[in-house]
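Using the sequences provided together with the hints, build the complete structure.
Protein chains in written order, with this note's numbering: chain U, 1 to 235; chain W, 1 to 117.
It is worth saying that the hints were derived from the structure and are not from the lab.
Backbone N, C-alpha and C define an ideal beta-carbon position, used for all residues, glycine too.
This list has only true hints and no planted wrong ones.
A short, non-exhaustive set of chain U residues, derived as facing chain W with CB atoms under 8 Å:
| hint | residue |
| --- | --- |
| 1 | N64 |
| 2 | F65 |
| 3 | T89 |
| 4 | C93 |
| 5 | I96 |
| 6 | G109 |
| 7 | T182 |
| 8 | L191 |
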Amino acid sequence: MSVAISAMHMSDGLVNAPTSVMFGVLAIAAVAFCAWRARSELDERTVPLAGLVAAFVFAVQMINFPILPGVSGHLLGGALAAILVGPYTGVLCIAIVLVVQSLLFADGGVTALGMNIANMALIGVAAGYSTAVVVYALVRRRHLERSIPALGLVGFISALVGTACAAMGFVIEYAIGGAAPTSLSAVAAYLLGTHVLIGIGEGVITAVTVMAVSRSRPDLVYLLRRSRTDAMAAA
Amino acid sequence: MTAALRRHWRFWAGFVVATLLIAGVVSYVASSSPDGLDSATLQGCQVVQTAEGEQLTGNCIAQHATEHAMSVSPLAEYTVFGHPGGVGMAGIIGAVVVLALAGGVFWLLARSRRSGS
Chain U
1 MSVAISAMHM
11 SDGLVNAPTS
21 VMFGVLAIAA
31 VAFCAWRARS
41 ELDERTVPLA
51 GLVAAFVFAV
61 QMINFPILPG
71 VSGHLLGGAL
81 AAILVGPYTG
91 VLCIAIVLVV
101 QSLLFADGGV
111 TALGMNIANM
121 ALIGVAAGYS
131 TAVVVYALVR
141 RRHLERSIPA
151 LGLVGFISAL
161 VGTACAAMGF
171 VIEYAIGGAA
181 PTSLSAVAAY
191 LLGTHVLIGI
201 GEGVITAVTV
211 MAVSRSRPDL
221 VYLLRRSRTD
231 AMAAA
Chain W
1 MTAALRRHWR
11 FWAGFVVATL
21 LIAGVVSYVA
31 SSSPDGLDSA
41 TLQGCQVVQT
51 AEGEQLTGNC
61 IAQHATEHAM
71 SVSPLAEYTV
81 FGHPGGVGMA
91 GIIGAVVVLA
101 LAGGVFWLLA
111 RSRRSGS
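Next comes the structure, spelled out in C-alpha cells:
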C-alpha cells in the first residue's frame with residue numbers, strides 16, 4: 001500500500017464515514033452561526049484587515065518548523081486571527097483557509113474538512129480567544145494595556161493554549177470514529193506533547209504579529225477595540 | 001501625503017509584503033518532516049522507499065489514509081503541475097485566492113449589516 005506523506009491536517013479515511021459526516025454538519029452549522037455573528041465585528045475599516053489576516057494565516061501555515069528530530073509543526077492561527085479581527089470573523093478566516101487548502105492544494109482531506117474546521121477553526125479560536133480575554137483582563141488590572149510586550153504575552157499564552165486544545169479535537173474524533181490500531185491514550189499523549197512544542201512556535205509567531213499590528217494600528221486590533229468599548233460603556 | 005496617511009499606507013504595504021514573502025520565499029525553507037498530527041498517525045509504522053514510492057510497513061493510523069480527492073489539482077501538495085520547485089508560486093497563488101475569497105465574504109457580511117438585515 002502506498003501512501004503519500006502529506007504535510008498538515010487530517011487526511012481522508014483516518015476516521016469513519018458517520019463521524020466525518022457528523023463533524024461536517026456541525027462545521028457547516030457553526031460556520032453559518034459565525035457568519036451571522038461576524039457582521040457585528042465587520043465594517044468598512046476592518047474588512048481589509050480581516051481579509052489580509054486570512055491570507056497571512058494561509059502563508060504562515062505553509063511554514064513547517066522543526067520541533068523534534070523528524071517532526072515538524074506549523075501555525076494553526078486561531079488565536080492570532082481572533083485577537084486581531086474578532087472570534088467570529090476569526091473562525092471564518094481559518095475555515096476559508098482550510099477550504100482553499102483542501103480543494104486547491106489537496107492539503108487536508110475533503111471528507112475530513114468538517115473535523116479540520118472543528119479542530120483548528122472552532123476549538124482553536126474558542127480556546128485561544130477565551131484565554132486571550134482572561135490574560136488581557138489580568139494585563140489591564142496591572143495597567144499594562146498600553147504595553148506592547150504585555151500584548152505579546154497575551155498572544156503567546158493564548159496561542160499555546162489554543163494549539164494544545166485543537167490537537168485534543170483530533171483525540172475526540174479518533175475516540176468516536178477512529179479506524180485504526182493505535183491506543184487512544186498513546187495518541188492523546190503523543191499529540192499533547194508535540195502540540196505543546198508546536199504551540200510554543202505558534203505562540204512566538206502570534207506574539208510577534210500581534211505586537212507589530214498593535215504598535216502601528218492599535219485602533220484595528222479587535223481585542224483592544226472591544227475592551228475600549230466596554231470601558232466607555234462602563235463610564 | 002500627511003504623516004498619518006503615510007503611516008497607514010506603510011502598515012498595509014508591510015502586511016501585504018510580509019504575506020507574499022512568507023508564501024513565496026520563506027516557504028522554500030519550510031521543514032518537510034511530517035507535522036505533529038502526521039507523525040502521530042505514523043506511530044507504529046516504518047516509511048520505506050521503494051520503486052513505487054513511499055510505502056508504510058507495520059501497523060499505524062496513516063495506513064487508513066486514502067488518496068486525496070483533489071490530488072488531480074494542478075496545485076496539489078503546493079506544487080505547480082507536480083513541480084515541487086513551484087512551491088513559492090503555489091503559495092502566492094493561494095494567498096491571493098484566500099485574500100479574494102475572504103475579502104469578498106467579509107465585504108458582503110459588512111454590507112448586509114449596513115443594509116439593516
